[in-house]
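Asker: Listed below are the residues making up each chain.
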Amino acid sequence: KAGVTQTPRYLIKTRGQQVTLSCSPISGHRSVSWYQQTPGQGLQFLFEYFSETQRNKGNFPGRFSGRQFSNSRSEMNVSTLELGDSALYLCASSTYSGTPNYGYTFGSGTRLTVV
Amino acid sequence: QKEVEQDPGPLSVPEGAIVSLNCTYSNSAFQYFMWYRQYSRKGPELLMYTYSSGNKEDGRFTAQVDKSSKYISLFIRDSQPSDSATYLCAMSYQTFRIIQGAQKLVFGQGTRLTINP
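From first to last, the protein sequence lines stand for chains A and B. Heads up: the first sequence runs through residues 396 to 510, numbered per my numbering. Heads up: the second sequence runs through residues -17 to 99, numbered per my numbering.
None of these hints come from the bench; they were simulated from the model. In this text, a Cβ means the ideal position worked out from N, Cα and C, and glycines have one as well. Hints should not be assumed to be uniformly reliable.
Listed next, with one range per pair, are the computed distances between beta-carbon atoms [unchecked claim]:
| # | chain 1 | residue 1 | chain 2 | residue 2 | range |
| --- | --- | --- | --- | --- | --- |
| 1 | B | 24 | A | 417 | 10 to 20 Å |
| 2 | B | 22 | A | 464 | 43 to 53 Å |
| 3 | B | -3 | A | 464 | 28 to 38 Å |
| 4 | A | 464 | B | 24 | 22 to 32 Å |
| 5 | B | 50 | A | 422 | 36 to 46 Å |
| 6 | A | 398 | B | 50 | 19 to 29 Å |
| 7 | B | 51 | A | 475 | 23 to 33 Å |
| 8 | B | 2 | A | 457 | 21 to 31 Å |
| 9 | A | 472 | B | -13 | 26 to 36 Å |
| 10 | A | 447 | B | 98 | 40 to 50 Å |
| 11 | B | 37 | A | 402 | 15 to 25 Å |
Calculated Cβ distances over 10 Å to all of chain B for the following chain A residues [claimed, not checked]:
| # | residue |
| --- | --- |
| 12 | 402 |
| 13 | 407 |
| 14 | 408 |
| 15 | 414 |
| 16 | 424 |
| 17 | 428 |
| 18 | 439 |
| 19 | 451 |
| 20 | 500 |
| 21 | 501 |
| 22 | 503 |
| 23 | 507 |
| 24 | 508 |
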């Protein structure tokens, strides 16, 4: 059974640019959540999508956005990149919405570096 | 103040030692407590999951929750070099039921653990 697939694995962008990250959940999983991981702040929740609807959002500026497609694949977008956006972006999928403690599987992440 | 506090370490112990990892939290609404293990260049993987106060054992791993003190622990017995990783505590106030209004996991900073052969 394939796990959660995130692409690309590594990305280098320049300040002011925008970036789109992709996440393919485990087959059958309809909930996709995104987290940002940095050495200083640890793992912080960005947002969760379930059946193409955003169900919850963390405390991040509007430059961070996402969407989910009908096949449950999800993308997140960061516009006007800042140096502080450099982080590991992790995607997690689960069968049900709102159950992060049940069947929650993380991908390996996308390492974004903003220069 | 962060909702969940975890000493980032690093923590280095000899092989075979008992390891104790801890987190404290401030939100008494948390009901579900988890420990994740994250190897370098990988995403976190669920190691242990407990509900409310009490102990849970799984092989060499024991998770403890003391809700009265808002304190959770993970113990690793007979530690192995393969246990070297970052250990993250996480909590939520979500139930198993499919309900409106998704919840999220709140993570600790993570403790970097090295087991020396």
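Asker: Please settle this one: residue 501(A) was flagged as non-interface, so is its CB more than 10 Å from every CB on chain B?
Answerer: At about 3 Å from chain B, residue 501(A) fails to clear the 10 Å cut-off, so the statement is violated.
Asker: 19 to 29 Å was suggested as the range; check whether the CB atoms of residue 398(A) and residue 50(B) agree with it.
Answerer: This hint is violated: roughly 38 Å between Cβ atoms.
Asker: Verify that the Cβ of residue 508(A) lies farther than 10 Å from every Cβ atom of chain B, and report whether the claim holds or is violated.
Answerer: Label holds. Min Cβ-Cβ 14 Å, cutoff 10 Å.
Asker: Could you tell me whether the CB distance from residue 37(B) to residue 402(A) stays inside 15 to 25 Å?
Answerer: Violated - the Cβ-Cβ distance for residue 37(B) and residue 402(A), about 40 Å, lies outside 15 to 25 Å.
Asker: Could you let me know if the closest chain B CB is still more than 10 Å away from the CB of residue 424(A)?
Answerer: Its Cβ never comes within 10 Å of chain B, the nearest being 13 Å, so this holds.
Asker: Taking the closest pair, is the beta carbon of residue 402(A) still more than 10 Å from chain B?
Answerer: holds (14 Å)
Asker: Does the beta carbon distance between residue 472(A) and residue -13(B) stay inside 26 to 36 Å, or does it fall outside?
Answerer: This hint holds: roughly 32 Å between Cβ atoms.
Asker: Over 10 Å from every CB of chain B: does residue 439(A) meet that, or does the non-interface label fail?
Answerer: Check fails; 8 Å does not lie beyond 10 Å.
Asker: Between residue 464(A) and residue 24(B), is the Cβ distance one that fits in 22 to 32 Å?
Answerer: holds (26 Å)
Asker: Can we trust that residue 451(A) is non-interface, i.e. its beta-carbon lies farther than 10 Å from all of chain B?
Answerer: violated (4 Å)
Asker: Against the range 28 to 38 Å, how does the distance between the Cβ atoms of residue -3(B) and residue 464(A) compare: consistent or not?
Answerer: At 47 Å between Cβs, range violated.
Asker: Against the range 10 to 20 Å, how does the distance between the Cβ atoms of residue 24(B) and residue 417(A) compare: consistent or not?
Answerer: For residue 24(B) and residue 417(A) the Cβ distance comes to about 18 Å; the hint holds.
This entry does not satisfy hints 2, 3, 6, 7, 8, 11, 17, 18, 19, 20, 21, 22, going by the numbered hints stated previously.
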